[in-house]
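Start from chain A and add chains B and C according to the hints.
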Amino acid sequence: MDFALLRDAFWGLTFDGLALGAIYALISLGYTLVYGVLRLINFAHSEVFMIGTFSALVASGIMGVKIEDDPRTGWGMIFTLLICLLAAMIASAVTAVLVEIIAYRRLRQRGATKLATLISAIGVSISLVEAFRIITDSLPREFPRIMDKTFLFSYAGADIRNDKVIVIVAAALMMFALERFISKSRYGKGIRAVSMDENTATLMGVNINKVITVTFLAGGAMAGAAAFFYMLVYENTSFKVGFFLGISAFTAAVLGGIGNLKGALFGGFVLGVLETYTSAVFGTAWKAVISFLILVLVLLIKPTGLFGESIQQARV
Amino acid sequence: MSEILLELKNITMKFGGVTALNEVNLHVNKGEIAALIGPNGAGKTTVFNVVTGVYKPTSGEVNFVNQSVVGKKRYQVTKMGIARTFQNIRLFGESTALENVVTGADVHSKSGVVGAIFGTPRSRREEKAALERGMELLAFMGLKHRAGQLGKNLPYGDQRRLEIARALATNPQLLLLDEPAAGFNPAEKVALAATIRKIRDAGYTVLLIEHDMSLIMDISDRVAVLDFGQKIADDAPKVVQNDPRVIEAYLGAPADAS
Amino acid sequence: MADKKFRYNLRDHAAEYWERSPKWRRVSLSISFIAFFYALPFLNNPLINTPGSDFQSVLFYPVGMYVLMAIGLNIVVGKSGLLDLGYVAFFAIGAYTMAILGTHTSLNFWEILPIGIALSMVSGVLLGTPTLRLRGDYLAIVTLGFGEIVRIVAVNIEAIGGPRGIAGIPTPPDVFKAKFTILDPKPYYWVLLTFTLLIIWMVRRIAARRPGRAWDAIRQDDDVAQLMGVNTLKYKVWAFVLGAAVAGAGGVLYASQILSIVPDQFNLNVSILILACVVFGGIGNLWGVILGAALLAFTPERIRFLSQPRILVFGIALVVMMNLRPDGILPKKKREHFDPNWHTVEESGEGSIK
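Protein chains in written order, with the working numbering: chain A, 1 to 316; chain B, 1001 to 1258; chain C, 2001 to 2354.
Next comes chain A alone, as it looks inside the complex (with noise of 0.2 Å):
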C-alpha cells in the first residue's frame, strides 16, 4: 500500500481521475437512460461502447492514420479526429438501437419477465464480446496517435496534458447538449414522461416505440464519444474492454442516483478520481475489487445514490 503516492502526485491524481470520471460520466449515460425508461439495466451497453472503441480505430485506417505515423497538425489533424469521433458515435448509437430490436423489444411488447429480459441481454453481451474475441483473435489492438500529447502547463505538482484537458471539457459539454435535448426537445419530452409513467405517457400519445429507440441512440452516441475518447488518452483497446469500464459506469450511474442525468455526470467524476486515487494506493489489480465495494455499499446504504429517487419501492 503506498499512500506516500497519494499524498506527492495528490492533484496530479485528481486531474488524471477527472479525465478517467469524463469517460464514464459519457458512459453511464446511456446506463442512467434506458433505465429511466425501461427499468432494466442494459447489459449490452458495454458492448456498445467496445465496438465504439472499433469503429474509430477503422476510422483512423480508413483515414490513412497508421500506427508509425508521427502525429498530425493543424486542420487535417482536427479533421481525423473529428471523423473518428463521428464514427465511433454513429457505430455506438446504431449498435444501441439494434439491441434495443434484438434483445429487448420483442421481450418488451410480449410483457416478459425482468429475468427474461435480464438474460436476453445478457445473451447479446456475451455473444458481441466473442464474436470480436474471435475477430481480434484475442490480441488487443493499439490506437495510433493522431494528436501529439503535450504538457499545457503545471499546476500545483500536476502535469495537464492537452488531451485529457478535451476530454473533460468535451464531456462535459456533451452532457450539457444533452440535458438540454432532454428538456427542450420533443423526443426528450417524451423521455421524460415515460420515464415517470409509462401508461400515462402512451394515453398522452407518446410513440413508446421511437421514445425508446431515440433513447437507445442518444445513450449510444454518448458512449461512442466516450470510446472516441478513451481510444484518444489510452490508446488501446481489447474485446474485453467494455466489460469493467461497463461496471465501473453502472456503479458511477448508480452512485449518482440511477435515472438521474446530473448524478451520472456527478457519479462519473467521482468515481473516476476515487478509483484512481486507490490504484495510486493499492495497485491497478485492484481497482475492480474497490468499484464493486463502492456498488455494494451504495445500493446497501443509500440505494437512491446521491441525487437520485428511490427504486426499491414496492408497488401493491
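Bear in mind the hints are in silico, worked out from the structure with no lab data behind them. All values derive from a computational prediction rather than experimental measurement. In this text, a Cβ means the ideal position worked out from N, Cα and C, and glycines have one as well. There's no promise every hint is true.
To be verified - Covered by chain C, per the in silico footprint, the following chain A stretches (three or more residues, Cβ under 8 Å): (1) 98-111; (2) 119-125; (3) 282-289.
Relative to the frame of chain A, chains B and C by itself:
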C-alpha cells in the same frame, strides 16, 4: 364494550410532496365488519398498506391487539394476525389454487428447509396439516374443484375468491379485503356478502374497502369515510349515508350552492 | 399474445404416464434408468463418440459437472427467480479448498469434501444476506461482481498460487478397489453421478414442501409473498446457500480430478454457461435443466467445429431461447388435473375453517 383489534392513531403518510393520509384515526372492533369508503384517490389502499407494513407511516401509531405494527417486517405483521387481499388481483398465477392457499397456511409452520431435507416428523406433520387446511379453505370458498388448476387460468370470480382463501389460510384475526366485489355481477355480490358474513361468523374480523354502496350498507356494522386523506365520517352505515359531508365528497357540492 | 398452436408436450405426457403407473413399474423404471447412467461410460457407439476427447472424460467434465451445477443454479435462478451471475465463485471456492488443503495438509478428498461444501455455504450466507434484499437487476450485477472478485483475489494472492494456480492436487483414496487416477475418469464419474442423484432426490423433496412453495411465491411476487407471511429473505438466502453447496461440492471433485487449477478457469463465462444450461432446459424445471445441461455440454464435444465458438453459440442461444421459447425445451408443468393419489380430505360437504 367491544374490544379494539386494530387502531390507527394520527397516521400521516407523505410521499415526497404528496400527503396521502393526514392525521387519520381509525379503529376496528373485534368481531365486526367495518368498511372503509371514499372517492378514488382518498387513500383507502394506502391505509391498508400502512397497516400491513408495506409503507412506514411518516408519523403516527398503528396498534394491533396492543402491539405496534410500525417498523415490523411485512411477514411479521402477517404472523401477528393481519391478512389481506388486493385491489388488482395478485395471485401466484403459475401455481395451482391449492398451492396458493397452502403458501398462506405455511406461515404457522415451524419447520423449514432443514425439516424438509431430513423429513422430520414435525415437518411431515405440519405439511399434512397445511395441505388439509388448504383444502378446507378451498371448500369453504367453493373452490374445491379448482384445487389443481393454475391460478392464472381461473375465471375472474374464482380468482377473487381464491385470494380470500389464501388470506384466510394465514389464520388471521383481521382480514383486510380491498375491493373484493370489483367486477362482480349482482348475483355474485349477493353471494360475496353471504361469504363475508360467514367469515365473520366463523370468528374473523373484517375490514373492507368497497365502492358498491348497497353491499356496504348490507353487511357493514360500521363505515369510515376517507376523502383526500382525511377521515370525514365514522359511524353506522345509515348515519354515514345521510351525512352531508360524505355526500359532498362523492357528488360535489349541491347544485344550489353556486 | 396468441401462443403457438398446441404442441405435443413431452413432459406432461411423461408425467401422466408416470402417475398412472403402479408402484412396481415405477420402481423398475427408476432402477433401469439409474443403472443405465452408471453403465454409460462403457457405451461405445459411434453416434455418441466424441472426436478429439475421451468419451468417458467428457462424461465427467463438462457433461456431468454442468448437469450438477445446473441443478444447483436452478434452485437459485429457476425456482426462486434470483439472477445469480457469479455462480462460478462457489465452484472456485470448492476447488481451491481441495487444492489448498490437499497440497498443504494430509486430509484426503473425502475429508476435504465437507469442508469445501461448508466454506461454499458460508460464502453463500455472507454474500446473500446483504445483497438478496436488492432488486433483480442489482442482484445480478452484484453477484457478477462477486464472481469476478473471487477470481481477482485468486489471481493476486500469491499464497494461494497467484496466476499460476495450484498444482499437485492429490487424487482421492481408493474406494473398493476403484482407483482414482488421471488415466481413468470412471470412478470420478460414478462419484459425481451418485452425488447428482442424491442432490436430485433432495431438491425434489424440498421443492414439494414448504421451501418449494416459498421459492415459487418469491419468484412470482416477492412483495405479496411477504404479505402472505413468507420470510422471503430467509428463503432466498437458503436458495443461495444450497446452490453454493452444490457448486462447492462440484468444485472439490473437479479439482481432485484435474489435479491442477488456475484462477482463470473460474471466470464469468462459466457462470454464463451454467446459466445458459438452466435457461435452455426451462427455468425452474429440474428434468429440463438436466437435459439442457447435458445437451449444451455434450454437443460442442460431439460436433467439434462448434467447440471453438462455443461461447458465442451459447450467447446467441440465450437470446434466441428467451425470445422464441422462454420456457425452455421442456416447459414447466402445465397439468391442470388434480393429483388423484392425494386422499387426505373428505370429498363431501363444505369444509370448516377453524
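Against the structure, the hints:
1. 98-111: It holds: at least three residues are needed, and the region 98-111 of chain A offers 6 whose Cβ sits within less than 8 Å of chain C.
2. 119-125: Since three or more residues must qualify, the claim that chain C covers the region 119-125 of chain A holds, with 6 doing so at under 8 Å.
3. 282-289: holds (count 4)
Of the numbered hints given earlier, the model fails none.
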